[in-house]
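2 protein chains.
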Amino acid sequence: MTQIRFALAQIDTCVGALDDNAAKVLDYSRRAAADDARVVVFPEMTLTGYPIEDLALRRTFRQAAWDKANELAAALKKEGLRDLYVVVGTVGTDHETSKPYNRLVVLHDGVVWAGYDKHFLPNYGVFDEFRIFKAGERSVVLDVDGARLGVAICEDIWQDGGPVSELAGRDIDALVTINGSPYEEGKTDVRFELAKRRAAEVEAPLIYLNQVGGQDDLVFDGGSFVVDADGELVERSPMFMEDLSYWTLDTAKVRQTRTTVAPMLDPDEEVYTACVLGLKDYMAKNRFTGVTLGLSGGIDSALVAAMAADAVGGGNVHGISMPSMYSSDGSKDDAADLAANIGAHYDVQPIEPLFKAFQGQLDLDGVAAENLQARIRGVIVMAYSNSKGLLAVATGNKSELACGYSTIYGDAVGGYAPIKDLLKTRVWELARWRNKAAAAGVGIGGLKIVGNEAGNPGAPLKDGVMIPVASIEKAPSAELRPGQKDSDSLPEYELLDKVLAAYIEHAHGRADLLADGFDEKTVDTVMRLVDRAEWKRRQYPLGPKVTALAFGRDRRLPITNAFRE
Amino acid sequence: MTQIRFALAQIDTCVGALDDNAAKVLDYSRRAAADDARVVVFPEMTLTGYPIEDLALRRTFRQAAWDKANELAAALKKEGLRDLYVVVGTVGTDHETSKPYNRLVVLHDGVVWAGYDKHFLPNYGVFDEFRIFKAGERSVVLDVDGARLGVAICEDIWQDGGPVSELAGRDIDALVTINGSPYEEGKTDVRFELAKRRAAEVEAPLIYLNQVGGQDDLVFDGGSFVVDADGELVERSPMFMEDLSYWTLDTAKVRQTRTTVAPMLDPDEEVYTACVLGLKDYMAKNRFTGVTLGLSGGIDSALVAAMAADAVGGGNVHGISMPSMYSSDGSKDDAADLAANIGAHYDVQPIEPLFKAFQGQLDLDGVAAENLQARIRGVIVMAYSNSKGLLAVATGNKSELACGYSTIYGDAVGGYAPIKDLLKTRVWELARWRNKAAAAGVGIGGLKIVGNEAGNPGAPLKDGVMIPVASIEKAPSAELRPGQKDSDSLPEYELLDKVLAAYIEHAHGRADLLADGFDEKTVDTVMRLVDRAEWKRRQYPLGPKVTALAFGRDRRLPITNAFRE
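Same order as they appear, the protein sequences are chains A and B.
Be aware that the first sequence starts at 1, since it is given in full-length UniProt numbering, and climbs by one per residue.
Be aware that the second sequence starts at 1, since it is given in full-length UniProt numbering, and climbs by one per residue.
Just so you know, the hints here were simulated from the structure itself, not pulled from any lab data.
Quick caveat: nothing in here was measured; it's all calculated off a predicted structure.
A few of these clues could be false.
Note that identical chains are pooled: a pair holds if it fits in a single copy or bridges any two copies.
Stated by the list, open to error - Below, a list of computed lysine to aspartate or glutamate pairs in the EDC-like style, where the Cα atoms sit at most 16 Å apart:
no., residue 1, residue 2
1, K388, D365
2, K521, E492
3, K462, D109
4, K332, D347
For reference, chain A alone in the conformation it holds in the complex (with noise of 0.2 Å):
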């Protein structure tokens, strides 16, 4: 019979910081030491950051991931934790064709020491790993103390046969995976089916380490967890925190014991905590402390302000109202209510007299004309983001981003936009979960969130009410003409969102859609609303991911990239 500790590390790395997360994986290695773990587990490509996209291809960068395990091993040794067995992700390299591998590696008594490069490299969805890296072909059992450890590499277990399969008939007494699972709403419950069915595959306990942090436009949740082998829990992470947590391996059990199990999130909490963390870990890893928006007393400017405020305080938020001649009174109050509420910086500027200067000029009308209200706001949401340094965040939902009811240049300004994957009728749940949550206490910067851990206390709140109920409840107007409603361009929201959800997530074509029961003007609408808006979509900047299909991921070298040759 053999017990072995192991100490789950669930990290936030950020991509090309090589010390700064080897500089993390020590300082937990020597906490996990001193709990008297044996083996402590880092997520997928700890050591890089993931996902590098194609600074893999960098040979400078693969060479300097490389020294870096070396000195890192080094280092643990040197304070005396050459006993403990590190297990990192990092890039390797196919000395024959130059490729890169995703590779897991095992830091012991001074030296990196096994490898095990992933074999199954996802390339749907957000994922292009068989473009950048080439397969591992083996599958590597690490004994510690006589207990046989399998290990695995993320998708290594979303597929069937590979290294698992081979795993399967290897005695193995644990299989350890490390993970860079990216947030999908429910994704939860997904993993944890797939782990229990590895796990039973194995006849093991199954160790599914996962990344924790914003990186670029995708959010991982964390959430790591334990399944014995008879597919029960017995151990859950918390979600979006950093976290260290233990959980020890009985060989002579099958069914293990249960230590801490975090609870689950509301679904409101969890996606509105996602958007919150992306935002928070896109401003960290670029060096920004501040972000400016337009407020303009709708839901949708409301609810991202409301975010920047949870992610770096409402004092690093600077709120501008730029009313027209169109803004009613009540949207001016809202937005004013909203920047008290949160505690933000808000300014007032007008956009009529530079309308006016401009239409001196060009004398627009129609479509060309409200846009241009919209490119005069986009210019002082930009002089302030350069004048001040602070980013601008964009405030556009995925039902009008889909349908192109936005204005380049304009509206769609910004670095960042944190609600690009949220239709708009989730939009309207989520400032109702925030107004609850603010009811029962969770002020700004309360959320439990990575660098956020110790929580704020509650903001004084007018009404009562953190986001105005005004802006919840009007109905929503873009005000760029005299008694504009969303509605004259675009079908009901509540039918609106569920027309997108079945022509873009669910892929259904025209006759589909029929089927379905949505009526003909309403299909042909959306569809070509959302056949014209492309090109709209690709000018749109970074935002975070929180459901299977979103738009506009679209790059290839990471943006948060802090390497340097």
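Assemble chain B onto chain A, guided by the hints.
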């Protein structure tokens, strides 16, 4: 002994435009049959257009493409073309997995005949095929009048092994390859050497039929050809034009008879023409008839305006001079001269009054005030775009984009950026080439490209020069503050472009760059600028890719997609 007359139908398809593409196949097939062709060969994914990206994943699209192929086969038969063998590309489906295939079919005797599925799926550079398609697993030989024709699709001949190796053992009389091979400078020779090698491998002539035309940010250059088993070039179609050429296979002879061989183009002419074709097709496929852009008097906007005039005629170009208090008289004159030379509409919209109106509210200085000027210009360009239905074209070059030397939402606005993949030194070279061509009588619209085969007479030029000499020869300046020069912020372009080529295209790290002989200060300046510019590049609009590594090709759905479900 058998003789087979092939027609090489080098056509310009449009992604998603099943009806138009099929109509073009029918038209070219009629002409080929009238000229006694036995086999007519079209490019890769003829019916669907190429590259179709994630559109292939939509079941409804695959069904529509399949129906269209059957309809086309029936139409060919109905027109009395039942004996012709029509080789086209389309999308197939693996019914077990529902995954799409990149498929070659032969339309003959009223039915869709034979199916070969692409084996090697490129997943590097601009290609994402492995993520989209399932790989084919078998080689196919067609029997036409007793002659044995092997077939392959594009990447199949770029990789060793696979279907070409198999065909080497199957005693074929010719290898027919259908291609969608995007333009890159210098690629003509690479393709030819490759084709020679494969012809030798299969001991038979190789027909290389390539697509022509712009599709989103790719340009396909055509330049189809035939090499015989000895590696002799026996036919070459022109570049950048639709074309129907003929070549007759004589199965009894190794050394085949030489027919038409189009001449090679001058390297500057080739790149210039690729840029013009990319813009022309982007406009046609998105149904734009005119463009608008700011004309500063500088070289970038002058070259882009000349390209636009060559693409759609000077009368469809709307140039806007937007002088500020810092614009020199020389710059204003050069802009006006250029507009007159290309026959463009020309408006002057001073930005000083608008700048003052903003400054009265915002009181900016430094870079924020410089960006404000560029953004006011961006608003004006988009106002022209919106009110007149014109495509806004951006004028940034690759050197400044790589270094972030542009204003996002300012000079970077636009839907297409014709020179975004040209280094600044190349911009000067192409301007000089265009002037030389004009002096030799190549007027606006006189380039030989798709849809422009007839050419036009030359326009009258001021001083006999199309692009004013001062625009080419003066020191580059953004003119956003008094006396500003690009060289205040950037190394001289002659040096900068060399460092950029090494750092970006050849992935040299810092140590490599120093070993290349660049001085430390320059290397550190350029690396810092490039590393910081990533975010801005992401926001940049689409443009043609003309070198091996372009920025910003980042999408999963084609833009110019004419498919309607």
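The hints, checked one at a time:
| no. | hint | result |
| --- | --- | --- |
| 1 | K388 / D365 | between (34 Å within a copy, 11 Å between copies) |
| 2 | K521 / E492 | within (13 Å within a copy, 58 Å between copies) |
| 3 | K462 / D109 | neither (59 Å within a copy, 78 Å between copies) |
| 4 | K332 / D347 | within (11 Å within a copy, 38 Å between copies) |
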